[in-house]
Structure formats: C-alpha cells, structure tokens
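Enquirer: Residue numbers (this note's numbering), protein chains in the order written: chain A, 1 to 632; chain B, 1 to 102; chain C, 1 to 176.
Don't take every hint at face value.
No farther apart than 30 Å at their CA atoms in a straight line, the calculated lysine-lysine pairs in the DSBU-like style are these [unchecked claim]:
1) 88/B to 101/B
2) 171/C to 79/C
3) 601/A to 101/B
4) 87/B to 127/C
In case anyone wonders, no lab produced these hints; they're calculated from the structure.
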Amino acid sequence: MNMADLLWIIVAMPFTIFLVLAFLGKKLSANLTAIIAISGTGTSALLTILLGWSFLGSPPENYSLSSHLWEWMNAGGLITSMSLRLDALSLVFIFVITFVGFLILVYSTEFMRNEEGYARFFAYMNLFIGSMLILVLADNLLLLYLGWEGVGLCSYLLIGFWYKDPANGYAARKAFIMTRIGDTALIIGLFLLFTEFGTLNIADILSAAPEKWASGDPTARLAAFLLLGGAVGKSAQLPLQTWLPDAMAGPSPVSALIHAATMVTAGVYLIARTHTIFELAPLAQNAVAIIGATTLLLAGFSALTQRDIKRVLAYSTMSQIGYMFLALGVGAWSAAVFHFMIHAFFKALLFLGAGAIIMVLHHEHNMFKMGGLYKKLPVIFWTFLIASASLAALPVISAGFYSKDLILWETFASASGGTQLWFLGYIGAFITALYTARMVFVTFFGKTKIEPTQRPGLRITLPLVVLALFSFAGGFIELPHTLGHVQVFSGLMQHALPHLEIRDVAESSELVLQIITGLTSLIAVGAAYVLYIRRRSWTDSIRNSTLVIQIHRFWNLGWGFDTAYDTLLVKPIVYLSRINKNDVVDLISLGLSKAMVYFNKLLVYTQNGKIRWYMATIALGAILTLTISILL
Amino acid sequence: MVEIPLTHSIVLAAVLFLLGLVGLLTRRNILFMLMSVEIMLNAAGLVFIVGSSRWAQADGQVMYIFILSMASAEVAVGLALIVQFYKKFNTLDTDAASKLKG
Amino acid sequence: MIVAFYIASAIAVFSTIMVITRYNAVHALIYLVVSLLSIAVLFYLLGAPFAAALEVIIYAGAIMVLFIFVVMMLHLGEKSVKQEQQWLKLSMWTGPGLLAFVLLIEMIYLISLQSLEDGGGMVVDAKQVGIALYGPYMIAVELAAILLLAGIVGAYYLGKEKTTVLHRFLKQQENG
Numbered sequence: 001m002n003m004a005d006l007l008w009i010i011v012a013m014p015f016t017i018f019l020v021l022a023f024l025g026k027k028l029s030a031n032l033t034a035i036i037a038i039s040g041t042g043t044s045a046l047l048t049i050l051l052g053w054s055f056l057g058s059p060p061e062n063y064s065l066s067s068h069l070w071e072w073m074n075a076g077g078l079i080t081s082m083s084l085r086l087d088a089l090s091l092v093f094i095f096v097i098t099f100v101g102f103l104i105l106v107y108s109t110e111f112m113r114n115e116e117g118y119a120r121f122f123a124y125m126n127l128f129i130g131s132m133l134i135l136v137l138a139d140n141l142l143l144l145y146l147g148w149e150g151v152g153l154c155s156y157l158l159i160g161f162w163y164k165d166p167a168n169g170y171a172a173r174k175a176f177i178m179t180r181i182g183d184t185a186l187i188i189g190l191f192l193l194f195t196e197f198g199t200l201n202i203a204d205i206l207s208a209a210p211e212k213w214a215s216g217d218p219t220a221r222l223a224a225f226l227l228l229g230g231a232v233g234k235s236a237q238l239p240l241q242t243w244l245p246d247a248m249a250g251p252s253p254v255s256a257l258i259h260a261a262t263m264v265t266a267g268v269y270l271i272a273r274t275h276t277i278f279e280l281a282p283l284a285q286n287a288v289a290i291i292g293a294t295t296l297l298l299a300g301f302s303a304l305t306q307r308d309i310k311r312v313l314a315y316s317t318m319s320q321i322g323y324m325f326l327a328l329g330v331g332a333w334s335a336a337v338f339h340f341m342i343h344a345f346f347k348a349l350l351f352l353g354a355g356a357i358i359m360v361l362h363h364e365h366n367m368f369k370m371g372g373l374y375k376k377l378p379v380i381f382w383t384f385l386i387a388s389a390s391l392a393a394l395p396v397i398s399a400g401f402y403s404k405d406l407i408l409w410e411t412f413a414s415a416s417g418g419t420q421l422w423f424l425g426y427i428g429a430f431i432t433a434l435y436t437a438r439m440v441f442v443t444f445f446g447k448t449k450i451e452p453t454q455r456p457g458l459r460i461t462l463p464l465v466v467l468a469l470f471s472f473a474g475g476f477i478e479l480p481h482t483l484g485h486v487q488v489f490s491g492l493m494q495h496a497l498p499h500l501e502i503r504d505v506a507e508s509s510e511l512v513l514q515i516i517t518g519l520t521s522l523i524a525v526g527a528a529y530v531l532y533i534r535r536r537s538w539t540d541s542i543r544n545s546t547l548v549i550q551i552h553r554f555w556n557l558g559w560g561f562d563t564a565y566d567t568l569l570v571k572p573i574v575y576l577s578r579i580n581k582n583d584v585v586d587l588i589s590l591g592l593s594k595a596m597v598y599f600n601k602l603l604v605y606t607q608n609g610k611i612r613w614y615m616a617t618i619a620l621g622a623i624l625t626l627t628i629s630i631l632l
Numbered sequence: 001m002v003e004i005p006l007t008h009s010i011v012l013a014a015v016l017f018l019l020g021l022v023g024l025l026t027r028r029n030i031l032f033m034l035m036s037v038e039i040m041l042n043a044a045g046l047v048f049i050v051g052s053s054r055w056a057q058a059d060g061q062v063m064y065i066f067i068l069s070m071a072s073a074e075v076a077v078g079l080a081l082i083v084q085f086y087k088k089f090n091t092l093d094t095d096a097a098s099k100l101k102g
Numbered sequence: 001m002i003v004a005f006y007i008a009s010a011i012a013v014f015s016t017i018m019v020i021t022r023y024n025a026v027h028a029l030i031y032l033v034v035s036l037l038s039i040a041v042l043f044y045l046l047g048a049p050f051a052a053a054l055e056v057i058i059y060a061g062a063i064m065v066l067f068i069f070v071v072m073m074l075h076l077g078e079k080s081v082k083q084e085q086q087w088l089k090l091s092m093w094t095g096p097g098l099l100a101f102v103l104l105i106e107m108i109y110l111i112s113l114q115s116l117e118d119g120g121g122m123v124v125d126a127k128q129v130g131i132a133l134y135g136p137y138m139i140a141v142e143l144a145a146i147l148l149l150a151g152i153v154g155a156y157y158l159g160k161e162k163t164t165v166l167h168r169f170l171k172q173q174e175n176g
C-alpha cells in the first residue's frame, strides 16, 4: 500500500466519527459513544505512527508525500485542490495532534462521564482534531484556511460547551472574535499572495518567493505581517492574547487540546510553514521575535499572580508559545517545532492533571484552597511533577530543559537574535520556573484543605502516565553538543526547514549559558520553596505593601489589556451603535422618501379633478414658453 | 382687392383665440366650454386662411377644411358626452366630475 | 373694403365676448352664430370664398344646430340661467382675463417682431382648393374621412341609452 494513501484516512477518521456522533449521538449508550469517540483518533494515531515509521525508515523523495484527492474549485485562475502533503514538519504536527489528541479523548471518556452532552462533546472534539489535521496537512493555503476556520469554530463550540452559563458563552464569543481579527489579516494575506503568485499552493509559493522578492521587499513584508496577524490571533500572542485565559471556561480536556495539540500551535505552524516569506522580510521576522519575547514575559508575570490553577496554565501556555515565536523570529525553526512537541506533551499532561485535581476536589479551581495532595493523589502528583519539571526546565532530567535551552542558545547565537532577546528569554525562564514551582508547592504540599472524595480511574491515570513518559523522554531525541550531541529531531527537520545561521560566537559560551539557565531554574524553584513552603510569612509581608498589591492586581488582570480594549474599542463602538440606534445613514434614504411623499402631495394639489384648472396650467405653460422664447 | 394688413388679421385671430381661452377658463358649464373650444378652433382656422391669402396658396384653406372636419367630429362626440354627463350628474357643472382628484 | 374688414372684425370680437359672457345658452349660441358669420365675411374679404361658404354652411349651420338640439334636449331653462349667474362672479374673470391679457401682449409683441410684408390678397377659389385637396392632400382627406367615421360611431355609442346587463347570479343577488 502506498504511504501517501494513508494520509486521507488519517484526516477522514475524525470527521467520520464527528458525523457519526453528530447524527447518532443521542441514540448511543455512553459506553458505545466512548468507544466510537476514541476509535477514530486512535486509528489516526496508529496510522500516523505507521506512516512516521516508514517515513523515517525509508524516506520518500524530497522528504515529502503528497496525495491529491480531488479538485476543489477551479475559478478564474484559482485552481485549488483537495490535496494533502506530508513532510517532516507536518509529520511532527500530525503525530502530536493524533497522539496527544487520542490520549486526551481517552481521558475525557471518564472525565466527561457524568456531563450532559457526552456525545456532543466528543463530536466537537473529533471535529476539532480533524480540522487541525486538515490545517497541518493542507498543501495549499486555502485548504489550510479551511482547517484554520474549522479550528476557530470548534474552539467556540468547546469553550462554550457548558452553554447554560452565560459567562461561558461570553468567553467562547471572545475567543472567536479575537481570533477572527487575526483570521481577517490572514485571509487578506492569502489574497495578497494569490495576486502576487497566482497560486495558493504552499510549495509553489515558497519556491517562487525568493525569485520574485528580494530580501526586505515591501510586498513580502506586508504579506509576512498579514500572516503574522493570523498567527498572533490563533496563538494568543500580543496583542490578541486576551481570549486565552478566558478560554478556561471550557472543560479541562478542551483546554488541554486547545493548548497542547491544536489551535494555539496553529500560529507556530503557519509561520514555520511559510518560513521563506518571513526570511524575505527581516522586519516581520524581528517582529515575530519581539512579540514572542514580550508575550512570554507579560504572560509569565501574569501567571505568577493567578490563583486559579487553570489560569496559571493558560498564561504559561501564552508564555511558552512566546518562546516558540521567539525561536521562529530568530530563525531557529527547528528549535521552535521541537519546543512545540515537548510543550504539547507536558502541557497536555498539566491540564489533564489539573482537570483531574479539580474533578476530585468538587470543581475547586483556586489552588490556594488545595494543598497536601501529594499523598492523596500519588499518580497525579508524580505525573504533574514531571510535567512541571519540564515546564520549569529543570536541567538535564527534564525534556523541557532541552527544548527551551535550545531556543535560548539559538536565540543568543542567531545572526538575527542577540543578547537582548536572549536576556528576555532568560528572565522568562526564571519566571516560568518560579510560577511552576509555586503552583506545585501550593497545590500538592502544605496542609490538606479539601479531602479528595474519589480516586481517578484508569482511563484518567493511564493517559497521564503515557504523557509523563513522553514529557520525560521526549527531550532525549535532541541533545546539545555539550551533552551527548544527539540530533535526531533537527536531522529530521532539516528536510523541511532551513538551518539556522549561527553568528560568530565562541563554542564555549554554549556551555556557560546552559549552566546559567540551568542554575537559574534551580534557584527559582528554591526561591519558590522558600516563599511558599518554608517562610509563608515572608510572602505575606511582601504582599501587604500597597505597591505590590497594585502590581499584583495589574498582573492578575493580564496587564490590563482587557480593560484597555474595553475602553478603547468596545465602549466607543457600543457608544456609536447606541447613537446610531435609529441608523443615521438611513436618515438620508428616509429623507429622500419623505421628500418624495412631500412632492407627491404638492403634485396632488395640482391634480384636483377640475378641468378648468388643467386648462389654466396649459395656458400658464404657454405663457412661460413664450416668455422664455422672448427673453432668450 | 384691397390688401388687408397681415399683422391686423393675425392679431384679430389672437384676440379671438384668447377670448375663447378666457371663456374656457371662466365657465363651469360644460356646454359653454365646448362653445369656447369652437371659438378657439375658429381662430386657428382664421390664421390658416390669412396665410393662404398672404401667399395666394390653396394649402391654408385645405388646412382650414381639415380643422372644420375635425371640429365637426369633435362636436358630435363632445355633445354626446355632454348628454351622458347630464344624465349621470344631472348638472352641467364640470366640477361635479372631479373623480380624478388626486 | 378695408373698412369692411375692421367692421367685421369688430363684430366678431364683440359677438365672441357676448358668447362667453351670456348666462343663457341659447343667447350665447346665437351670438356664436353671429361671430361665425362675421368670420365668414372675413374669409371672403381675405380671398377665400370657398372657406367662407363652408364656414356658413357647416359651422353656423350644421354644428350650431347640433348645439341647439342638445340645449333643447337638456331643457336648460331659468334654473340653469340662475346657476350661471351664481357661477359667473366678477372674481371669476380676473384670473383667466389676466392670463389671456399677458398672452395677448406676448403674442402681439412676437407678431410685431416679425417683419411681415403685406402682400397677396389674391382670391384662391374653390377650384384651386379642390385640386390641392384631391391632389397632394389625398391621404389627409381620407384620414379626415376616417376621423369623421370615428366621430359618428363615437357619438352614436355615447348617445345610446345604456341598458345594464347583469349576470343572472348577480341579478339573483340583487333581487334576493
């Protein structure tokens, strides 16, 4: 069997399951629903592993597979086909999407068991996974956009899954509208690329772009910025990041799926996929790096102040995606994708773990009301700890260390990077370790405040264990020179993404920087240990000063972006629409119609049915005509 | 034959025409209005005859004959209408027939 | 002869004024006949004896007789005279009179602008008219004939007594 033929099956499975559940969901029993729900993505995951095995074992020509399904539309020069294309980049993505997605679905079968709309939930989840697969496997930008919008739709449906609470509907709308702003930029970017190249095929555009545009070409810059706009919206980066914390309104598995496998990584994928355009627009690429660096810092500080465990994780996602953007911005393509993969494992694990904790603690989100859970929930504790270690990038033993260190080192060493960007990322690493350690210490140590009533079942713990395994071991497929020098991942990536240009820096600085970052995260963990376990009084005394309270509040609210958008955009628009309640523009047409009626009434006076009057007007007309002819 | 000043005869026609117009505008009785129309038609005919006389051509008189025939047809129809009008409204007041009022 | 022209003109204008000011329809008609006869005289003076004859025969004769018939049919007596008196207030005359006066001034002005040379005064007799009528104007004559036919048919149709024709169901409705 041809490998390329597997591609469409991988994509079609989740959609099939979506249709089955959407139409038959209400008639199926819960057990059957669960089996059906996981079967589709499970099959896709198996096929992906099979495909990846043969892909790596006997690489196809050009390291890419393509499968033409059918011609989608052919109109006025726009020939778009339903074609799937697999290369090293999309292979990593579909592996993460199907595999992590499958684990999340398995987890959800137990987690969502007692919820209303069991089948509906799995229908949406499968649609979500299917859309994301379309997004990453699309061989042209229009198909990519289809998946992109499908992902946006599903995020709306799932964030607002518990639609009976208006707040959830609000959060869903917010996510949809904020990402839509980015989507608009993206579709304009697609129009621009189409007018420039006459095609939307990604490979064609990427090969034609360097011939058409010189480096720094204004059109290339415009295109890159428009694509960046789309990516920023979906990936919740500055300035369109405000939807992500509110997206926590959805069930925990949804958060896991949005943050780890789908949705927010779409922006990373888009930039990595169209990397040639960004390379031709250095300004835009710098903007990517700066946006990433800024977001990772802002989100990190906000994460420090959150009390809701899921919101901590939400801000940490923003921060970690910021790292990916930073890597993309400095040209460390492979490092960005590597971090994406590792992040998907540990972030999915963190969300699932947090979800499990919240479930057994009667929907308690505030982690300061938790505590002492390490004895009560050992499986969750250990898996959560491994994931947190990855997130905090504890040196040598965690996968996160290798991926984040790679980003930081390459940021430092990159020709377009430099010390400043590295420093921002370094600060971010410190903060990340600090808030991660805070989260772990506050949640699992200290006194037990709420007794967990139930123990999570096998279907919850098993995905956690598997993900923990990956969060731990995933990093060892790419080790730096200084420590083993394994390059499996970047070896694979080099077939899809260009290699980083390293500026002239001393090789020895790599080891120094690694030691610095490694020590930093250890120090941060130590600081958190002191502040939240040993000397809680210190924390309280720090918190009592007014300045800290102000800053705390400011960070807690995500740097006031919501308030700013509310005052700058929402309120003026609401005000304008209130003014315009009776439609100011309509006044023109209404005025026209009123003038018509008025003239009609005037003319009605002349139509009085008296024949002598008509005669008089004829005579008057004659007078006028004659007068005019005399005067002229 | 003595030449009659052309201007005078045309002014005479104009005066007659305008008298007909005044009658038309003033009278409410439809019978009088029809008479006024006849006066106006006659005035128009007079101008044609004047023209015919001025250029010694038969065409003017031919036109007059057409006006004449048209006038007789018009009077025939008009008077029939007047009879119907009177039957319907029991008056000859044109203002009574103002159903076209807008 | 020129004196005859002015006299006839004066009679025509005077009698026309009388036509439009009379209350009694029959009186007005008689003045109209006078006006038409004086115009016939004018035609004769202008060298159009055939037209003058037609004016007397058709206008003053046939058309006026039709008018008289109608007046007789409608039984317009004292009542209508009184009504006319009510209708014809002095104020009624001002508007139309003003209009007509302005028009007259303008017409006279326009006529005086033309440098019309007097001339001709030749008699155009019936023979010439006949030749023109049945020569170049043949089609117009035929059209006039059709117009007269239409007039006859129209007058017949309009003058006919209307009998209401109802469908039997409607009749039943009306009765029941």
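Enquirer: Now look at each hint and say whether the structure bears it out.
Expert: Comparing the hints with the structure gives:
Of the supplied pair hints, the one linking residue 88/B and residue 101/B holds, its CA atoms being roughly 18 Å apart against a limit of 30 Å. Between residue 171/C and residue 79/C the CA atoms are separated by roughly 38 Å; this puts the pair beyond 30 Å, and the hint is violated. Using a Cα cut-off of 30 Å, the hinted pair residue 601/A and residue 101/B holds, with the two alpha carbons roughly 12 Å apart. Proximity of residue 87/B to residue 127/C is assessed by CA-CA distance (about 46 Å); at most 30 Å being required, the pair is judged violated.
Figure legend: structure checked against the earlier numbered hints; hints not met, in rising order: 2, 4.
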